[in-house]
Every structure is written in C-alpha cells, then in structure tokens.
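So the sequences go chain by chain: A and B. Going by my numbering, the letters in the first sequence line up with residues 1 to 117, in that order. Going by my numbering, the letters in the second sequence line up with residues 1 to 106, in that order.
It is worth saying that the hints were derived from the structure and are not from the lab. Do not take every clue at face value.
No farther apart than 30 Å at their CA atoms in a straight line, the calculated lysine-lysine pairs in the DSS-like style are these [stated by the list, open to error]: (1) K19(A) / K24(B); (2) K45(B) / K65(A); (3) K43(A) / K106(B); (4) K106(B) / K65(A).
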Amino acid sequence: EVQLVETGGGLVQPGRSLKLSCVASGFTFNNYWMSWTRQAPGKGLEWVASITNSGGSTYYPDSVKGRFTISRDNAQNTLYLQMNSLRSEDTATYYCTRMDYYVMDAWGQGASVTVSS
Amino acid sequence: DIQMTQSPSLLSASVGDRVTLSCKASQSIYNSLAWYQQKLGEAPKLLIYDANSLQTGIPSRFSGSGSGTDYTLTISSLQPEDVATYFCQKYYSGWTFGGGTKLELK
Chain A
1 EVQLVETGGG
11 LVQPGRSLKL
21 SCVASGFTFN
31 NYWMSWTRQA
41 PGKGLEWVAS
51 ITNSGGSTYY
61 PDSVKGRFTI
71 SRDNAQNTLY
81 LQMNSLRSED
91 TATYYCTRMD
101 YYVMDAWGQG
111 ASVTVSS
Chain B
1 DIQMTQSPSL
11 LSASVGDRVT
21 LSCKASQSIY
31 NSLAWYQQKL
41 GEAPKLLIYD
51 ANSLQTGIPS
61 RFSGSGSGTD
71 YTLTISSLQP
81 EDVATYFCQK
91 YYSGWTFGGG
101 TKLELK
C-alpha cells in the first residue's frame, strides 16, 4: 500500500523558515517524480513544487520561486520542502504527492502550516 | 499562464441523478487533464487522468470526457458518498487546478 506521511508543520512567525518532510513507503520511491501541493483554509488547491525522480530538476510556480526549495533523499525515501521568508499567505495544509506521468496519483494526509505573529 | 475555470461552483442534486461538472482551460491543454475528489477533512483522491481514463479502484459511474479547452466529469447515478468538492487540474505546461465544484445532496 502506498503511504505518504508528512511531518514538520506548525506555527511560525512571518519571515521565518520551516522544513517539511514526507516519508514514502509501499512503492519504489526513486522511480517517481514527487510534488508538494497546498490548500489554504477553505480554499482550493495550489501546486507548490515538483522534483524529478533523480532530484536533478525542480519546478516551482512564481508564487514560491526563490523562497521554497524541494529536495529528496532517495536512500531514505524522503521528500522535503524547505520554506523560507514565510508569509501569512503561505498558511495552508501542505500535501506530499506522488506523480505518475505528471499526474498526482497518491496524496499524504497533509501537514498544517500557520504563519502568524 | 493557462487558467482553469470550473462551473458551477456549487451543485445540488438528488441521489440517482446524472451529474455533469465542467472545466474550461484558457487555451488547449491537449487532454492533459485530471479530476480529483476531496471529501470534507480528507486529502484529494485521483479519479480521472488524461481527460477520460478511470483511475484504478474508482467506480465506473465516474467518467471524463472532452478535448482542447473543454472538459467534463460525469457521475452517471449520484450516490450519497459522492458528496465532495471536485477539482480539475491541467498538467500540460505546469500544474494548475480549477477553483472546484462543491457537490451536495438536494
């Protein structure tokens, strides 16, 4: 069974940093691209970052480019999201997703991030 | 950037109804479209990919159609467990979600 378990969420002040982790199991992690997608409270879904299976290429929307960094450790079956210079508008539930031919076919349960002073 | 627009934003229907949800792209996305179902308090779940391919384990009452800029998700006979918000997503030239359609029982 595919499992994705996110950790590292919490309350953080504006301008500070936070790092999310996602541990994957039930599939061959290094065969798949991975992504992060977020959902602000009561709002829709927003793609945040993607990384190729080797980790050699990464992709971001303009809203987080230069502030967020996606990375992976294939030996540890773990995906990361380093979030710097956090803003109130980054408050959301962050989902780790597996990608199969660019489609997000498996989702974690989400990690809640609140940016507030 | 390609924008994705879903309609309606809220849909009320009765058990057994045939339900149709719409998703429109601002330019052609060449069938690079997925549909996701999100029940209250849960993570989204993939239903349809490549516009019309049913994800493994998804009931056959769900189907997708469309091409170019216009796509549709159809539920042939609405069940109580289908109450959820449905999102479309394009994965041609990046990933963008529509704003969602909330489906409720009448």
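For the pair supplied as a hint, K19(A) and K24(B), confirm whether the alpha-carbon distance does not exceed 30 Å. violated (35 Å)
Tell me if the straight-line CA distance from K45(B) to K65(A) falls inside 30 Å. Holds. K45(B) to K65(A) sits at ~26 Å (cutoff 30 Å).
Can the restraint linking K43(A) and K106(B) be considered satisfied, given a maximum Cα separation of 30 Å? Holds - the C-alpha atoms of K106(B) and K43(A) are around 23 Å apart, at most 30 Å.
Proposed proximity, K65(A) with K106(B) (alpha carbon, max 30 Å): violated (43 Å)
Going down the numbered hints, you'll see the structure goes against 1, 4, while the others check out.
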